[in-house]
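Visitor: Work the whole structure out from these sequences, hints included.
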Amino acid sequence: MRLDNIQMSVANRQGPAVRAIPSVNNKITARDVNVYYATKRALKDINLDIEENRVTALIGPSGCGKSTFLRCLNRMNDTIDICRIEGQIQLDSVDIYAKAIDTVQLRARVGMVFQKPNPFPKSIYDNIAYGPRIHGLAQRGAEMDEVVRSSLERAGLWGEVKDRLKEPGTGLSGGQQQRLCIARAIAVSPEVILMDEPCSALDPIATAHIEELIDELRASYTIVIVTHNMQQAARVSQKTAFFHLGEMVECNDTEEIFTNPRDERTQGYITGRYG
Amino acid sequence: MLSGLFLIGEREHMLSDLFFFIGEHGQPMQTTMLLTVIAVLTVVGYFLGRGRAVAIAGGRLSTLHSVPPYHGFFVALWAGVPALLLLAVWVSCEGPVIMSLVLAQLPAALIPTDHQALTLLQTDILNLAAGVSNGREPDPAVADAAGLYNTLHMVAESCLLALGSALAVAGLTLARRQIRGDLRARNRVEAALNVLLILCSLVAILTTVGIVLSLLFQAIQFFTMVPLTDFLFGLHWNPQTAFSGDVKGSFGAVPIFTGTLLITVIAMVVAVPIGLMSAVYMSEYAAPTVRSVAKPVLEILAGIPTVVYGFFAALTMAPVIRDVGTALGLEVSSQSALAAGVVMGIMIIPFVSSLSDDVINAVPQALRDGSYGLGATRSETIREIVLPAALPGIVGAVMLAISRAIGETMIVAMAAGLAANLTANPLAAVTTVTVQIAATIRGDQEFNSPKTLSVFGLGLVLFIVTLILNVIALRVVQKYREKYD
Amino acid sequence: MTDLAQETVLRRSVYKSEAFEAQLRRRYRAERRFQLAGIASIAFAAVMLVVLLTTIVLNGYTAFWQSRFDVEVFFDPEAITPSGSREPAVLSAGDYPALVREALLAELPEATGRDGRRAVMEMVSSAAAYRLRDMVLAHPELIGTRLKVSLLASDNTDQFVKGHIPRAVSEDKRKVSDRQVEWIDRLTARGVLASHFSLDVLTQSNSRQPEQAGMWGAVIGSVMTMLVTLGMAVPIGVAAAVYLEEFAPKNRWTDIIEVNINNLAAVPSIVFGLLGLSMFLDFFGMPRSSALVGGVVLALMTLPTIIIASRAALKAVPPSIREAALGIGASPLQVVIHHVLPLAAPGVLTGTILGLARALGETAPLLLIGMVAFIVDVPGSLSDPSTVLPVQIFMWADSPERGWIERTSAAIMLLLAFLIVMNAVAVYLRKRFERRW
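Chains as they are written, first to last, in the numbering used here: chain L, 17 to 291; chain G, 11 to 495; chain A, 525 to 961.
Among the clues, some could well be false.
Here are the computed lysine to any residue pairs in the SDA-like style, where the Cα-Cα straight-line distance is at most 25 Å [what the hints assert, rightly or not]: (1) A:Lys774 with G:Ala201; (2) A:Lys774 with G:Val481; (3) L:Lys115 with A:Phe558; (4) G:Lys305 with L:Ile96; (5) L:Lys182 with G:Leu401; (6) A:Lys540 with L:Ser166; (7) L:Lys138 with A:Lys540; (8) A:Lys839 with A:Pro870; (9) L:Lys132 with L:Asp94; (10) A:Lys955 with G:Pro298; (11) A:Lys955 with L:Ala54; (12) G:Lys305 with A:Arg956; (13) A:Lys774 with G:Leu401; (14) G:Lys493 with L:Ser166.
On the chain L side, residues computed to face chain G include the following (Cβ under 10 Å) [said to hold, decoys possible]: (15) Met92; (16) Asp94; (17) Asp97; (18) Ala114; (19) Ala116; (20) Thr119; (21) Leu122; (22) Arg125; (23) Pro133; (24) Arg149; (25) Val204; (26) Leu210.
If you're looking for bench data, these hints aren't it; they were derived computationally from the structure. Virtual Cβ for every residue (Gly too), placed ideally from N, Cα, C.
Guide: Next up, the structure:
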């Protein structure tokens with residue numbers, strides 16, 4: 017009963033949200049991106065534009081390369097020795113794989129939220145303060161307190177944790193942990209937030225919470241979200257890209273994809289024939 | 011066989027009998043013969059049992075509950091085990107029983123009342139009986155007692171042979187008679203093997219019990235001579251003067267404890283940062299080629315015997331440190347704590363690094379990803395996320411390393427001195443618990459001098475301290491692993 | 525919401541600022557320093573290993589060369605057997621040092637008087653006279669003949685020839701006098717005194733004189749001790765591992781055994797020596813200084829290592845193998861003996877070899893049970909007094925004469941060679957039989 021209510025309310029909010037999109041600048045453009053793990057080709061000639069201040073969902077069956085693509089966008093794949101990337105990915109028209117680009121700076125601008133909540137084994141406060149501190153964005157003390165507060169507020173967690181900032185972040189519930197991780201990502205003021213199946217480890221209520229949050233964050237950030245869950249893609253995103261066997265099959269407005277898919281593979285997937 | 015090992019007492023030739031028939035003393039033929047008889051009967055029993063099972067089955071093996079070899083083992087076990095148990099019990103009881111019989115024959119006036127003199131008398135009798143002369147002309151009564159001892163011994167051995175053989179034959183016959191088609195021979199044999207396995211796994215427990223008992227037993231004797239508080243808090247260690255009567259003031263172990271502590275601290279100052287940084291570099295930075303060189307280097311360091319490190323410390327490190335110190339105008343002892351400590355630290359580097367490597371690798375990749383995703387550099391991730399997350403495990407590893415350093419003997423025995431100086435100066439000579447133990451005991455001590463017994467007091471302290479460190483460290487590491495499993 | 529959005533945009537511009545770039549450069553410097561510290565740590569370990577090994581080899585290889593005097597010895601009947609008797613008892617009592625002395629004096633005619641003769645005799649080892657005696661005892665027909673014989677030089681001569689006793693030091697601080705130096709130079713120039721390759725350091729038994737000391741007795745002692753350790757630790761260790769891993773119920777008792785084994789593995793080795801002393805020597809009266817007691821003590825010490833390694837090997841055998849065997853009606857014991865143990869054997873073997881390698885290098889507990897005694901004879905049985913290689917190293921290292929350094933280093937080279945072989949076998953086994961399930 018209660019679940020139905022939440023789902024309905026989410027569905028109701030979707031309509032107006034889509035209409036409120038202000039701009040259509042391309043924040044990220046990917047051109048002919050190929051990714052290899054050792055000799056295995058994981059992504060094949062991906063071309064995709066990600067628009068500013070919108071939520072782009074990447075969907076597809078597991079192993080289709082959507083997470084791999086996501087991790088290319090902030091060069092997280094650099095930490096995997098055997099991974100090799102070809103092609104061009106531009107952030108604000110600058111190639112992020114160019115020699116002059118610094119991964120530290122890049123990742124500060126393109127934040128990431130992971131599949132499983134991974135709070136650091138530190139206090140809630142230190143979890144948030146870690147990023148601003150290493151980047152020198154705020155001085156210790158009042159300035160940092162303010163960053164922590166505003167980040168937690170934006171992640172909708174402030175009310176729940178404001179009295180226990182010194183307690184370890186690992187003591188929170190799964191949904192709270194994931195919002196903590198989002199707050200942690202927000203704290204360094206990124207331009208883009210990448211989310212890799214952020215709700216797959218959460219229960220439906222926590223999922224609804226996060227989805228609401230994503231919708232709110234869209235005003236200030238460009239968001240790319242990988243999801244297994246087509247309903248979720250439909251609820252939170254404005255654009256959807258469908259990946260299949262390492263190829264980007266189709267990318268379009270979310271409504272378009274779900275109501276009128278052009279490719280039959282997309283149709284097969286969203287109608288539940290496979291995946 | 012194994013239970014026999016721990017029951018045997020008294021005379022060494024009996025023990026050597028049970029162990030592979032060795033030793034050059036005049037060993038009683040009977041024991042050897044009995045072992046041979048048992049061995050033969052066991053083999054015979056196997057074939058008889060198997061043959062009978064085959065005969066009963068009459069070509070249709072499926073009528074048997076167990077296949078014939080198990081019937082063979084079944085009979086063999088019955089032939090061998092009871093007789094061996096008898097042998098073990100007999101050998102362990104024989105000496106004391108015969109001795110009490112012999113003493114009962116001696117005139118009452120000859121039997122001393124105090125324990126030590128009695129032990130001495132018994133030793134005399136045993137020596138005479140074995141034909142070892144102590145040079146003095148023996149008391150005729152004692153000589154008679156020795157003769158009686160030998161007679162009784164021969165009788166006892168013959169009885170043992172007869173009884174043992176009878177038991178083996180009886181076991182064999184009875185077991186063979188039991189063989190029927192539905193005899194659960196396999197289950198019986200397996201139950202016996204299971205008991206054997208349990209006994210084997212108890213050896214480790216018995217070892218611990220043996221260590222605790224032997225340390226406690228001698229240490230308590232020591233503490234009746236030297237009060238525990240004098241030992242633990244006394245500032246002067248000088249066992250040599252103990253012979254001149256001043257037992258109480260000569261066994262203050264504080265200088266030894268501080269010496270051990272000083273060398274351990276130096277070793278940790280070398281081993282912990284270097285071991286930890288090596289582990290960090292190997293697990294977080296090193297390219298496969300670097301790792302393929304660095305890993306064997308550390309493994310070889312770990313495999314070098316401590317006596318070799320000791321030689322290195324005494325031959326190379328100590329002169330180098332002394333020369334450098336002298337050049338700087340410092341007074342350096344040729345057996346400085348620094349030389350022993352540094353070399354011990356080098357020895358412990360691979361220990362720290364392999365333990366830290368394990369704990370660092372147990373930190374989930376997700377935490378590293380979380381940090382990289384925020385734009386942290388590698389060293390920031392390691393220093394601020396990985397190492398704090400691995401801290402409990404690292405603390406456990408360091409505790410194990412400390413325990414190792416405290417218990418290390420050869421390096422300090424060869425490079426540190428015997429002088430029990432109460433100092434914190436790393437350039438001075440100090441001594442350690444293990445050096446004192448190794449230097450005092452050479453296998454031929456009388457167990458009544460306070461100097462010898464003091465070693466067991468030190469040994470007990472060493473055992474307790476390392477045990478506490480190990481228990482806590484192992485628990486900390488285990489808890490840590492469970493957290494990330 | 526819009527406030528926040530603006531604030532965010534403002535803060536973002538930070539990443540393009542000069543200040544951030546400067547901060548970034550600082551962070552990368554810290555990164556490099558950290559990485560350098562790691563490299564330095566590993567380099568330190570590597571350098572120490574190299575220094576240690578080169579010290580040993582540089583000090584040790586000269587032990588395989590020994591100086592000898594190649595001189596003509598006259599087997600003077602007067603000195604050997606003044607009575608003319610050829611009885612072995614008479615022959616072995618002959619004045620052989622006189623033969624040595626005369627042979628050397630023939631090369632150094634200017635060494636006269638008691639001092640001169642003594643100085644000459646100092647240059648040759650006491651083993652030289654024994655050598656002549658043994659020759660005569662074996663071949664009495666040598667008496668009265670002349671024969672070229674190679675006589676072992678004394679330790680000091682040998683060390684001087686090898687350059688370990690420096691020439692430049694003043695005479696009173698040198699073990700070799702100026703006169704002897706001159707003789708050594710002359711004899712070397714004439715080819716009488718020369719260094720020869722020699723395996724005596726391996727094949728001879730122990731001696732108080734460094735130039736005569738060899739390690740054969742210790743090698744045999746080590747082998748016998750290891751056999752006892754192997755014979756006791758492996759069956760018990762494997763059986764215990766099988767029980768704990770395959771059959772033991774999970775209860776308080778097996779927990780205690782497990783904790784106990786883990787702790788026993790970390791007990792200082794010297795404590796096992798105390799156990800051996802008061803339990804096996806004092807209480808059970810087993811023979812002192814013997815390979816038997818040494819082996820038993822080392823077996824108890826190695827047991828936890830073997831149990832832990834064997835359990836790991838058993839654990840690595842996948843449950844599907846056990847289920848398959850149980851499924852066709854094998855009893856649990858048959859499953860273990862027929863299927864699990866053979867599959868775990870390489871792992872068990874590797875662990876055993878590594879445990880034995882550790883035991884082979886162990887010294888401290890053996891000191892306490894008296895294996896440190898000076899023993900010349902090669903042990904003939906397990907209960908004979910004997911010593912082992914590491915203890916021999918310890919004893920030699922403790923002696924003051926210069927010649928012991930090269931002997932000790934040579935013994936270490938042999939010990940390390942044994943250990944390298946054992947570890948290489950273990951590595952080979954692991955590589956050869958490693959299985960991925």
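Visitor: Tell me if Asp94 (chain L) is really an interface residue toward chain G, meaning its C-beta lies closer than 10 Å to one of theirs.
Guide: Constraint on Asp94 (chain L) satisfied, holds at 9 Å.
Visitor: Per the CB criterion, is Arg125 (chain L) less than 10 Å away from chain G?
Guide: holds, 8 Å
Visitor: Using Cβ atoms only, decide whether Asp97 (chain L) comes closer than 10 Å to chain G, and label the hint accordingly.
Guide: holds, 8 Å
Visitor: Does the interface hint hold: is Arg149 (chain L) within less than 10 Å of chain G, judged Cβ to Cβ?
Guide: Since the shortest Cβ distance to chain G is 9 Å, the answer is holds.
Visitor: Going straight from one Cα to the other, do Lys115 (chain L) and Phe558 (chain A) come out at no more than 25 Å?
Guide: Status holds; Cα separation ~23 Å.
Visitor: Tell me if the straight-line CA distance from Lys138 (chain L) to Lys540 (chain A) falls inside 25 Å.
Guide: Distance of about 30 Å is beyond 25 Å: violated.
Visitor: Is Lys774 (chain A) close enough to Ala201 (chain G), meaning Cα to Cα at most 25 Å?
Guide: holds, 19 Å
Visitor: Interface hint check: Ala116 (chain L), Cβ to nearest Cβ on chain G, cutoff 10 Å. Holds or violated?
Guide: violated, 16 Å
Visitor: Is the shortest C-beta separation between Met92 (chain L) and chain G less than 10 Å?
Guide: holds, 6 Å
Visitor: The hint names Leu210 (chain L) as touching chain G; please verify it with the least Cβ-Cβ distance against 10 Å.
Guide: holds, 8 Å
Visitor: Using Cβ atoms only, decide whether Ala114 (chain L) comes closer than 10 Å to chain G, and label the hint accordingly.
Guide: violated, 17 Å
Visitor: Could you grab the alpha-carbon distance between Lys839 (chain A) and Pro870 (chain A) and see if it respects the 25 Å cut-off?
Guide: Within the cut-off at roughly 13 Å; holds.
In the structure shown, a violation is registered for the earlier hints numbered 7, 13, 14, 18, 19, in ascending order.
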